[in-house]
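A.B. asks: Based on the sequences and whatever the hints tell you, model everything.
Protein chains in written order, with the numbering used here: chain W, 10 to 323; chain E, 10 to 323; chain P, 10 to 323.
Each hint should be verified, as a subset may be incorrect.
Pairs count within a copy or across copies, as identical chains cannot be separated in the list.
Said to hold, decoys possible - Simulated crosslink set (PhoX-like; lysine-lysine; CA at most 25 Å straight-line): (1) 169 x 91; (2) 91 x 115; (3) 91 x 249; (4) 216 x 249.
Derived by calculation from the structure, the hints in this document are not laboratory data. Owing to the predicted nature of the structure, the values given are computational and were not obtained by experimental measurement.
Listed below, chain by chain, are the residues.
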Amino acid sequence: MRHDHLITSKQLSRGDIETVLDRAAEIDADPSAVADRHANTLLGLLFFEPSTRTKMSFETAMKRLGGDVVDMGSVESSSVKKGETLADTVRVIEGYTDALVLRHPKQGAATMASEFVDVPLLNAGDGAGHHPTQTMLDLYTIRENAGLDDLTIGIMGDLKYGRTVHSLAHALTNFETQQHFISPESLQLPREVVYDLHQRQDGTGIKEHESLEGVLPSLDVLYVTRIQRERFPDENEYQKVAGEYQIDAETLEAASDDLTVMHPLPRVDEIAPEIDDTDYAAYFDQAHNGVPVRMALLDLLLSDDRGIRGETDE
Amino acid sequence: MRHDHLITSKQLSRGDIETVLDRAAEIDADPSAVADRHANTLLGLLFFEPSTRTKMSFETAMKRLGGDVVDMGSVESSSVKKGETLADTVRVIEGYTDALVLRHPKQGAATMASEFVDVPLLNAGDGAGHHPTQTMLDLYTIRENAGLDDLTIGIMGDLKYGRTVHSLAHALTNFETQQHFISPESLQLPREVVYDLHQRQDGTGIKEHESLEGVLPSLDVLYVTRIQRERFPDENEYQKVAGEYQIDAETLEAASDDLTVMHPLPRVDEIAPEIDDTDYAAYFDQAHNGVPVRMALLDLLLSDDRGIRGETDE
Amino acid sequence: MRHDHLITSKQLSRGDIETVLDRAAEIDADPSAVADRHANTLLGLLFFEPSTRTKMSFETAMKRLGGDVVDMGSVESSSVKKGETLADTVRVIEGYTDALVLRHPKQGAATMASEFVDVPLLNAGDGAGHHPTQTMLDLYTIRENAGLDDLTIGIMGDLKYGRTVHSLAHALTNFETQQHFISPESLQLPREVVYDLHQRQDGTGIKEHESLEGVLPSLDVLYVTRIQRERFPDENEYQKVAGEYQIDAETLEAASDDLTVMHPLPRVDEIAPEIDDTDYAAYFDQAHNGVPVRMALLDLLLSDDRGIRGETDE
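C.D. replies: What follows is the structure, given as C-alpha cells:
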C-alpha cells in the first residue's frame with residue numbers, strides 16, 4: 010500500500026505505522042541530520058477550526074525540516090466567508106504550497122479535499138472523524154515507554170466523544186494489546202466503536218470498566234482524557250463523575266512502578282500536578298513527540314520517493 | 010520612468026508592464042533559480058482589511074525568493090486601535106523590514122503611506138482605489154493564454170463596484186484590445202470609467218452589452234466576476250440577474266474552442282463546476298499566477314538596481 | 010551574575026546593561042555579520058495580550074539572526090480557553106522551541122513561567138509589572154543620542170500608570186543621571202516608585218514638576234508618554250491636562266539645540282508632526298532600535314555560552 014495523503018490512521022497497516030514511528034525515532038535521535046532536508050518547501054496551513062497545539066507543532070515540524078509555512082489564518086478573514094467551497098479553497102492554495110494540512114469541522118472534509126489536490130494533504134482533524142497525527146504521536150509515546158506488543162493499556166475518561174480515543178483504540182488493534190476502557194456509564198465508548206474493535210481483535214483484548222481500581226495494577230500505560238463539564242446538564246453530577254476519574258499520588262500507590270501516564274492535553278483536573286515530576290508522567294513528552302512524529306510524516310510524504318509505504322504491508 | 014513603489018497599474022507604461030510580465034515568465038519557468046535570491050530579506054505585511062488570498066500569495070512569493078515576512082496581524086490587535094496614524098505605523102514598521110505590502114480600506118492610503126517610507130511599498134488594495142498586483146496577474150494570465158495584442162475580451166458581471174475590473178480595463182488600453190463589457194444595466198461600468206477608457210483608446214475598442222449571447226463567439230477571453238447578493242434589495246431581482254450571467258457547459262457551446270475563461274475568485278455560482286476540468290478554465294492557473302507575478306514585482310523592487318523600469322517607457 | 014532568563018530590567022546590573030547595549034551596537038553596525046548566527050533556531054511567541062510592535066520587533070530580531078518564530082496566536086484560539094494553566098502551556102511549547110517570549114496580563118507571570126522551563130524566557134510585559142526589552146531599547150537610544158552618564162532627562166506625561174516609565178527610571182539609577190518627572194498632579198509617579206528611586210539614588214537625582222517650562226532648557230533628553238483619555242472621567246479635564254503636556258515647535262524654542270525627544274509610541278497628540286523631521290526627533294529611531302536590542306538579548310541568551318553576564322557585575 011502506498012499513501013500519498015494522510016487522512017485517517019485506519020488507512021495505515023502495522024507496517025505503515027512502523028515505518029512512520031521508525032522514521033520519527035531516527036529524526037528524534039538526530040534532528041540536525043534533517044535540518045535542511047526540505048529547504049525551500051512550503052506547507053500550507055488550513056485550519057477552519059481553532060487549534061494551537063496541533064498547528065504549532067506542524068509549523069515547528071516543517072521549520073525543523075528546513076522549510077516554512079503559509080497560514081490561511083482564521084476563517085473570519087478568509088474567502089470562505091464569501092461563500093467559497095472547500096474544493097475551490099484547497100485548489101487555490103495548493104498552487105502556492107508543496108503540501109497542505111487541513112483541519113475542518115465537517116467529518117469527511119479531508120477525504121473530499123484530497124480528491125481535488127495533487128500535493129500531499131494531511132488531515133489535522135475533521136470534526137468527529139479522524140486525527141491521525143495525534144494517534145501516531147500517541148503510538149510513538151507508547152512504543153518508547155512500554156512497547157506496542159504485549160501491552161496492557163487503560164484508556165480512561167470521556168470515551169464517548171473523544172475522537173482521539175477512538176482512533177488510538179483502533180490503531181492499537183494492529184498490535185497485541187489488552188485494552189481496558191474506564192469511564193462512567195454515560196461516557197462509555199459508542200457501541201459501534203466497540204463493535205468495530207471486536208471485529209478487528211478477538212474479544213478478549215477489549216474490556217470495559219466503570220472503575221479504575223480493579224484494573225490499575227495490571228496496566229503498563231494509563232491514558233487519561235478530559236471529562237468536559239459541558240457534557241453534563243447538572244454541575245453536581247459533573248463533580249461526582251469527574252472526581253472519580255482523577256489521578257493523584259494516592260491513586261497511583263496501587264500502580265506498577267513502570268506505569269506510564271499519558272494525556273493528550275490540555276488537562277484541567279484529571280491529573281494532579283504532583284504527578285508531573287514523577288517517573289509516571291509522560292504527557293509533556295507525549296506533546297513534544299508531536300514534533301518528530303509530524304516531521305516523519307511530512308518527510309515521508311514530501312520526499313522524492315513519495316508516500317507512506319510500510320515494508321510489511323498486509 | 011522608474012518606479013520605486015507600486016501604487017497603481019495606471020502608473021505603468023506598456024514597457025513597464027512587459028518588464029514585469031517577462032520577469033514573471035522567467036521565474037515561472039525556473040523558480041529554483043531565484044530560490045535564495047532575496048535571502049535575509051523581510052517583507053512587512055500591513056493588512057488593515059482582511060485578505061487571505063492576496064496575503065498568502067505575497068507571503069508565498071517572498072518565501073519562494075528565499076526571504077521571509079513579518080505580519081502586523083489584524084487591526085484589532087494593533088496600535089491603530091490606540092489612535093496611531095497610518096503615517097506613524099508605516100514609519101515604525103519600515104524600520105523592521107526591507108519592503109512593505111499595504112492593504113487599507115481608504116482610497117489613496119497607499120499613495121500617502123509611500124510618501125513617508127524609504128523602502129519599496131506595494132499597494133495590495135486601497136478601498137475603491139487600486140489593486141495593481143491583481144491586474145498584473147490578470148494580464149499575465151491573458152498573455153499566456155491569448156496574447157495581449159489583437160485580443161478580444163469580454164468582461165462580465167458586476168462592473169460597477171469591481172475595482173479589479175476597472176484596473177484591468179484601464180491596463181488593457183496599453184495594448185491593441187477590443188473590450189466588451191457585459192452586465193445588467195444596474196451594474197454597468199461607472200460613466201467616469203467609460204469616459205476614462207475612451208480617452209485612452211479610440212471608441213471602437215470599447216463596447217457595452219446587457220447580454221453575453223451576441224458577443225460570445227468572438228471572444229478570446231471571457232473574464233467573469235461575482236455579482237454580490239448584497240447589492241440587491243430584492244432577492245428575486247438578484248436571482249434573475251445573477252442567473253443570466255452564469256456560465257455552464259451549455260453556455261459555452263457557442264464559444265470558440267480557444268476561449269479562455271477567467272475569474273478573480275472566489276466564485277459562488279458564476280461558473281459551473283463542470284467547466285473546471287475543461288480547457289476553457291484558466292481561473293485556478295490565474296490564482297496560482299499570483300505567485301510568479303508577485304515574485305517578479307518584489308524582485309524588481311528589491312534588487313540592487315531597484316525599481317520597475319520598462320525598456321520602452323513612453 | 011548570570012541571567013538565563015530576562016524577567017525584569019531590575020535584575021540587571023550596570024555591567025549587564027552595558028554588555029547588552031554593547032552587543033546591540035555591534036549588531037547595529039554590521040547586521041550581516043549575524044545574519045545566519047542562529048539558523049535553525051525557533052523562538053516561541055506567547056502573547057496572552059495583544060501587541061503588534063513588540064511582537065513584530067521580536068519576530069524581526071529572531072529572523073534577522075537567521076532563525077524563525079512559532080506563534081501561539083491569540084488566546085481566543087488557544088488551549089487557554091479550555092482551562093489550561095500557564096505552567097502547562099509553557100511546558101508544552103518549550104518542547105517545540107529554543108526560547109520563549111511571553112506577554113501576559115498578570116504581574117509575575119513571567120517569573121512563574123520561567124520556573125517551569127529550561128529554555129530562555131524573555132518577558133515582553135507582565136501586566137503592571139515589567140517590560141525589560143522596552144527599557145533596554147530606551148537606554149540604547151539615550152546612550153546613542155546623549156550618553157548615559159552626566160545625563161539630564163525629563164520624563165513627561167502619564168507617570169502614574171506607565172510601566173515603561175517606572176522601569177526606565179529605575180534602570181537609569183545605575184548611571185549618573187538627573188531625572189525630572191513632569192506630570193499633572195493626578196498622574197504623578199506612585200509614591201512607592203519615588204521611594205524606590207530614592208533608595209537607589211541620592212535624592213538630588215530626582216525631581217518632580219507640574220510644568221515643563223522651568224526645566225526644559227536644562228534637558229539632554231525629553232521622554233514623552235501618552236496621556237490616556239480613559240484615565241479621565243471628564244472630557245474637559247482630559248483636554249486641559251493633555252494640552253499642557255504636548256510638544257510642538259514653539260515649545261521647543263526654549264530647549265537646547267542638542268535636545269533629544271523620545272516617545273515609546275504609539276503617540277496621539279503628544280508630539281506635533283512638525284517635530285518629526287527635526288534633529289530633536291528620535292522616536293522613530295527609538296522604535297527601530299527595538300530590533301538590534303532584541304537581537305542582542307536573544308543572541309546573548311541563545312549562544313553556547315548562555316546568559317547575560319556583565320563584565321562589571323556588582
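A.B. asks: Would you mind marking each hint as holding or not holding in the structure?
C.D. replies: Evaluation of the provided hints:
1. 169 x 91: between (35 Å within a copy, 19 Å between copies)
2. 91 x 115: The answer is both: 18 Å in one copy and 21 Å across copies each meet 25 Å.
3. 91 x 249: between (46 Å within a copy, 20 Å between copies)
4. 216 x 249: within (23 Å within a copy, 61 Å between copies)
The structure fails none of the hints (numbered hints given earlier).
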